[in-house]
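Novice: Below, each chain spelled out in residue letters.
Protein chains: 2
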Amino acid sequence: MEQNLLSNIKIVLVEPAGALNLGSTARIMKNMGLSQLVLVNPKCDRLSDEARQMAVHAVDVLENAIIADSLPTALAGCQRAIATTVRSRSVPIKLEPPTVALPWLLAPDLSSALLFGAEERGLSNDELKYAQRFVCIQSNPAYPSLNLAQAVAICAHELYQAWLNGNNASIAEPQTIVSTSINAPIKVLEDYYQDLEAVLLEIGYLYPHTAAVKMEKFRRLYNKANLQSEEVAMLRGILRQIRWASKNQSSLPDN
Amino acid sequence: MEQNLLSNIKIVLVEPAGALNLGSTARIMKNMGLSQLVLVNPKCDRLSDEARQMAVHAVDVLENAIIADSLPTALAGCQRAIATTVRSRSVPIKLEPPTVALPWLLAPDLSSALLFGAEERGLSNDELKYAQRFVCIQSNPAYPSLNLAQAVAICAHELYQAWLNGNNASIAEPQTIVSTSINAPIKVLEDYYQDLEAVLLEIGYLYPHTAAVKMEKFRRLYNKANLQSEEVAMLRGILRQIRWASKNQSSLPDN
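Quick mapping for you: the protein sequence lines, in order, are chains A and B. For the first sequence, my numbering assigns the number 1 to the initial residue and increments by one for each residue that follows. For the second sequence, my numbering assigns the number 256 to the initial residue and increments by one for each residue that follows.
So that you can see chain A by itself, here it is in the shape it has in the complex:
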């Protein structure tokens, strides 16, 4: 039987605070064929009366929700992540409308995630760095801030439409990527970033007090490249060799 690509997609809510929103999210997820709900440090009870009231016949989505204690834990095993954000940030990121970016999550044999921030603050810059692409739901400047569950509804509907239309990853893939390329798992990327930071501190390129800001830029740079596992392995090979070279007698010419 054909793989249901919708079932590979995790809807990840970071620190949701409203039980009504959780219930509404569960309902629209089930309406749109999505089943995997992940809650990162939820601030409300997913099985409260309010949540059940809004979920109606989708209480199973709430019951089966996975609770994670951090965003990286929530993304374990995912190869693709898209973050939603409503406003432009100080950091220059490319914002795409849902129709353009979301079909990228529908890929065979991949696990992917769509991230939503907390009701009051959205996703922080620190949280955004885990995503490779960024979706912005355009809205009226007079009142741009959408309710969380409404934002989920709009995105879930787009995913379902894309799925119905038979849109698949090879169509939605940014042109630079060969369709067979498989993104490195987010965990692999994360390990690389940790190692990169450590090496850059060791060789004196980074200073502890400015490392975070610089590292965010490097993450953005490499996330734009949609790194494959083989590429991450090459980059880590360089780090190993830098460590080796800086510990051993140099053979560099003095120029």
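Each hint should be verified, as a subset may be incorrect.
Unchecked claim - According to the in silico footprint, chain A covers these stretches of chain B (three or more CB under 8 Å from chain A):
| id | region |
| --- | --- |
| 1 | 400-408 |
| 2 | 463-469 |
As the list claims (entries may be wrong) - Below are the DSBU-like pairs computed for lysine-lysine, each with C-alpha atoms no more than 35 Å apart in a straight line:
| id | chain 1 | residue 1 | chain 2 | residue 2 |
| --- | --- | --- | --- | --- |
| 3 | A | K187 | B | K349 |
| 4 | A | K94 | B | K472 |
| 5 | A | K187 | B | K469 |
| 6 | A | K187 | B | K472 |
Since the hints were made in silico from the structure, they are not lab data. All residues carry an ideal CB built from backbone N, CA and C; glycine is no exception.
Mind docking chain B on chain A? Use the hints.
Specialist: Same frame as chain A, but now just chain B:
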């Protein structure tokens, strides 16, 4: 000044029963530039605490809502009406997806309406007859029934997208790359690749006889990232620091 076609559209809810839904509807309407809410025989208080709680900064939409005692009264003065319905009816009507039908409501010098039925029953056959076209939000057969406010959200978002796309190309433009992000000139990239190859040879990561093949992979990797000049400068800074570290006494722990 140009006419705002969104302001010509009435969102008509027939016998809405949930105050939370009214509040959520008001919020997403304002988010998507819609302002005319019409309630036909509402079964709840549009200004209740629950409604206000969900409306947040869109209480004005609730306050300005028009109450009508029948659907024909609600539609007085409208030239175009589209009804939403989730399932096929005994009466044979042509169902269209929101993307296809809704832009029809955005017409200059016309007043138009988008109709939603009561939460429990949707629009009756008798109510449907007031519409000229019919929108169906496709959904999962396992749980096809959407929450009223979620259905409004999906349609309002489609209307706003259609308005953006038809109205003003510069706004409609997905908020793509922030204007400050400009790809690095090819010469700058080329200098970086030359320098990277030299350093990787120096630290023993590359060997002369395989350097070309490996470097091609690194070029592909960085080309995917569409590097900006500032990013190339950061990467070259790392190369300088690698050279420095490998020529100087190491302070690395021996691990």
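Novice: Tell me whether the statement that chain A covers the region 400-408 of chain B is true, taking a Cβ distance below 8 Å and needing three residues at minimum.
Specialist: holds (count 6)
Novice: Next pair to validate is K187 (chain A) with K349 (chain B); report whether the Cα-Cα distance is within 35 Å.
Specialist: Violated. K187 (chain A) to K349 (chain B) sits at ~48 Å, over the 35 Å cutoff.
Novice: Verify the proposed pairing of K94 (chain A) with K472 (chain B), using a straight-line Cα cut of 35 Å.
Specialist: OK: K94 (chain A) and K472 (chain B) at ~25 Å, within 35 Å.
Novice: Holds or violated: the region 463-469 of chain B covered by chain A, criterion of 3 or more residues with Cβ-Cβ distance under 8 Å?
Specialist: Since 1 is below three, the answer is violated.
Novice: For K187 (chain A) and K469 (chain B), compute the direct alpha-carbon distance and say whether it is at most 35 Å.
Specialist: 24 Å, holds
Novice: Would the hint linking K187 (chain A) and K472 (chain B) be met if the CA-CA limit is 35 Å?
Specialist: It holds: about 22 Å lies between the C-alpha atoms, which stays within 35 Å.
This entry does not satisfy hints 2, 3, going by the numbered hints stated previously.
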